[in-house]
Structure formats: C-alpha cells, structure tokens
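Asker: The sequence shown runs contiguously to residue 211 in the UniProt record's numbering.
Where hints are given, some of them may not hold.
[Claimed, not checked] Below, simulated DSSO-like cross-link-like pairs (lysine-lysine); rule was C-alpha separation at most 30 angstroms, straight line:
#1 Lys-105 x Lys-46
#2 Lys-4 x Lys-105
#3 Lys-167 x Lys-193
#4 Lys-193 x Lys-131
By construction, these hints were calculated from the structure, which means they are not laboratory data.
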Amino acid sequence: MERKILIADDHAIVRYGVSLIIREEVPGSVITEVDNFNDALSLVEKEHFHLLILDINLPGGNSIQMLDQIRQKQPSIKILVFTAYEESTFAIRYMQAGADGYLIKNSAADEIGRALRTVLSSQLYVSDSVKESLLADKLNRHNSEANPLRLLSNRENDVLQLMLQGKSVSEIANMLNVHTTTISTYKNRIFEKMNTRNLVELIEKYRLFQS
C-alpha cells in the first residue's frame, strides 16, 4: 500500500536522513518535504497524507497548538512529533494534545523505523529514552506532571513575563527598580524551577503549561 508521508523540519540534513529511513522501512512511500509550518498546513489542507513527521520548533508554528491546527485540516492524519526534547513532560503534553508518537531526534535508525511502522499501524509510540525518563520521574518524589509555573513566586513570574518579551537583565532591572544581580538571581531560579537550560527551552515549556 502506497503511503504518503510529509516531513516538516527546517533542517535539510534531517529531512534527508529521515527520508532515507522511510524509503527503507516503508517501501513505496511518497515523501513530501517542507521547511516551515505554513507550507505544511497548506499541504494537509489540499492533499491527503497518512503521516506527518513534525518538528515542534518548526518556523511559523506555535508549539503544541500546531497539532490542533493540523487536525482541523485533516483529522485522520497520523502525527509523529520529531524533537530534541527528551524530557518526559514534553512527551506527555504532546501526546495528550493528540500526537500519535513522540520521537527523539538522536534516536538510532532502527528506532526511527520502529516508530514509523508503529504509528502507521495506528498505534502510539514514545521513544525509549523518554520512557526511561518518565519512569524515573514517576519514581521521584516530585510529580513530573505538575505545572512548573505554579512553583514560581509572584516576582519570579513578573521577571519571566519580561524575559518572554525579550527584555535584557538590565532592562528588567530598570523596569522593576532593582539591581541587575537581583534579576540574575531570579532568572537562575526560574531556569531551575522550570527545569530549563536556556531561553528557547523556557519559552517552549511556558507555551506547554500557560493554559
């Protein structure tokens, strides 16, 4: 059976590598590639696809909201999220939002093939590394599914909102009338409580939990 598969990723080398695995694992597939969300959305509105392999940081897209937008255009399409985020919290949120699979980009070729076959057969798939992370979180005293935004104090939330607006440490300090070292301390606390390493990860996690 011919399978129509859409790869939506802004890195050409990633699309190329995935397409090679698809041709080997799903012979006879018709593969289409796009590098931004607007093109992906336009295609699923016009054409039927069996599977969408979706990078969650795709230009033009808005994180988890992309899944709902895709489903509105083509409810039956299978969506395999393809991402660098190994944290189980992300996998849980995306699967709850309707993804059929959650695959880590550093997965070996055989796991990528297994994910493709699993999702195309209408079953759910989550990367092995994410399963291990999920188990570790479940065994931990802290609930990994709790909303980390609730851990922030009112002042930390104020700083977070300004960070999300792209304000620098000095700009935030001036706006809140405090010293820059104080803002740096708040910033470090925010990264720690949100379990993120940089602003890109912070923005992504904020989008996941803001609702």
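Asker: State for each hint whether it applies.
Answerer: Each hint, compared with the structure:
{"no.": "1", "hint": "Lys-105 x Lys-46", "result": "holds (28 angstroms)"}
{"no.": "2", "hint": "Lys-4 x Lys-105", "result": "holds (21 angstroms)"}
{"no.": "3", "hint": "Lys-167 x Lys-193", "result": "holds (20 angstroms)"}
{"no.": "4", "hint": "Lys-193 x Lys-131", "result": "holds (22 angstroms)"}
In summary, the structure agrees with every hint in the numbered list given earlier.
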